[in-house]
Amino acid sequence: AVAAPAAAPDAQQQDDTAPARPLRPNPEFARLPRYEGTLGDRPIVVHLGPKTDEEGVHGEYQFADTGEVILLAGDRDGDTLEIEESNDGTNITGVWIGRFDATGDLKADRMNSDESDPQPVVLHPAPAKRAALQVRDGRVQEIETVGGIMNLRTDD
Numbered sequence: 033a034v035a036a037p038a039a040a041p042d043a044q045q046q047d048d049t050a051p052a053r054p055l056r057p058n059p060e061f062a063r064l065p066r067y068e069g070t071l072g073d074r075p076i077v078v079h080l081g082p083k084t085d086e087e088g089v090h091g092e093y094q095f096a097d098t099g100e101v102i103l104l105a106g107d108r109d110g111d112t113l114e115i116e117e118s119n120d121g122t123n124i125t126g127v128w129i130g131r132f133d134a135t136g137d138l139k140a141d142r143m144n145s146d147e148s149d150p151q152p153v154v155l156h157p158a159p160a161k162r163a164a165l166q167v168r169d170g171r172v173q174e175i176e177t178v179g180g181i182m183n184l185r186t187d188d
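Quick note: the sequence shown uses our numbering, first residue 33, plus one each step.
Hints were generated in silico from the structure; no laboratory data involved.
The beta carbon of each residue, even a glycine, is placed where N, CA and C say it ideally should be.
There's no promise every hint is true.
[Said to hold, decoys possible] Pair by pair, the computed Cβ-Cβ distance ranges are:
id, residue 1, residue 2, range
1, Asp146, Pro59, 19 to 25 angstroms
2, Glu100, Thr135, 15 to 21 angstroms
3, Arg53, Asp133, 33 to 39 angstroms
4, Asp85, Glu116, 17 to 23 angstroms
5, Asp146, Ala105, 25 to 31 angstroms
My request is simple: use the sequences and hints to build the entire structure.
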């Protein structure tokens with residue numbers, strides 16, 4: 033019992049000096065509208081939508097090549113989007129400024145927080161995935177579809 037309390041302060045000090053852990057995709061953001069496209073020449077997937085408790089938009093994007101997750105937060109006024117990004121949830125690492133067109137596509141510039149190194153962002157709304165539902169044993173369950181075709185289970 034004596035060794036455990038003595039180890040705790042050391043562990044805390046190591047946590048303070050350890051590099052920040054990479055962000056992971058937030059399941060809450062998976063419910064937001066999904067966009068696919070590129071940042072510069074790198075493929076990305078973006079989940080971006082309105083905040084529920086305050087004005088503005090929030091979400092995240094993930095690089096398809098490395099899996100790195102970056103948080104997004106900012107404002108959308110009509111078709112104009114101005115958002116900040118953070119790779120650790122605290123420090124601003126970049127800024128996006130762009131416009132949505134009538135089809136929902138976004139064309140923006142992504143710059144570092146000091147507005148250097150502009151890179152084009154081109155995003156398109158991803159096709160919506162429609163969940164197929166089946167009632168079994170009085171419970172609603174999601175089932176997989178392939179090209180709109182599904183196999184309904186009729187027995188256990």
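Consistency of the hints with the structure:
1. Checking the proposed 19 to 25 angstroms range against Asp146 and Pro59 shows it is violated: the Cβ atoms sit about 33 angstroms from each other.
2. At roughly 28 angstroms, the beta-carbon separation of Glu100 and Thr135 lies outside the given 15 to 21 angstroms, and the hint is violated.
3. A hinted range of 33 to 39 angstroms for the beta carbons of Arg53 and Asp133 is consistent with their spacing of about 37 angstroms.
4. Distance hint check for Asp85 and Glu116: the Cβ-Cβ separation is about 18 angstroms, which falls inside the suggested range of 17 to 23 angstroms.
5. In this structure the supplied range 25 to 31 angstroms is violated for Asp146 paired with Ala105, their Cβ-Cβ distance being about 19 angstroms.
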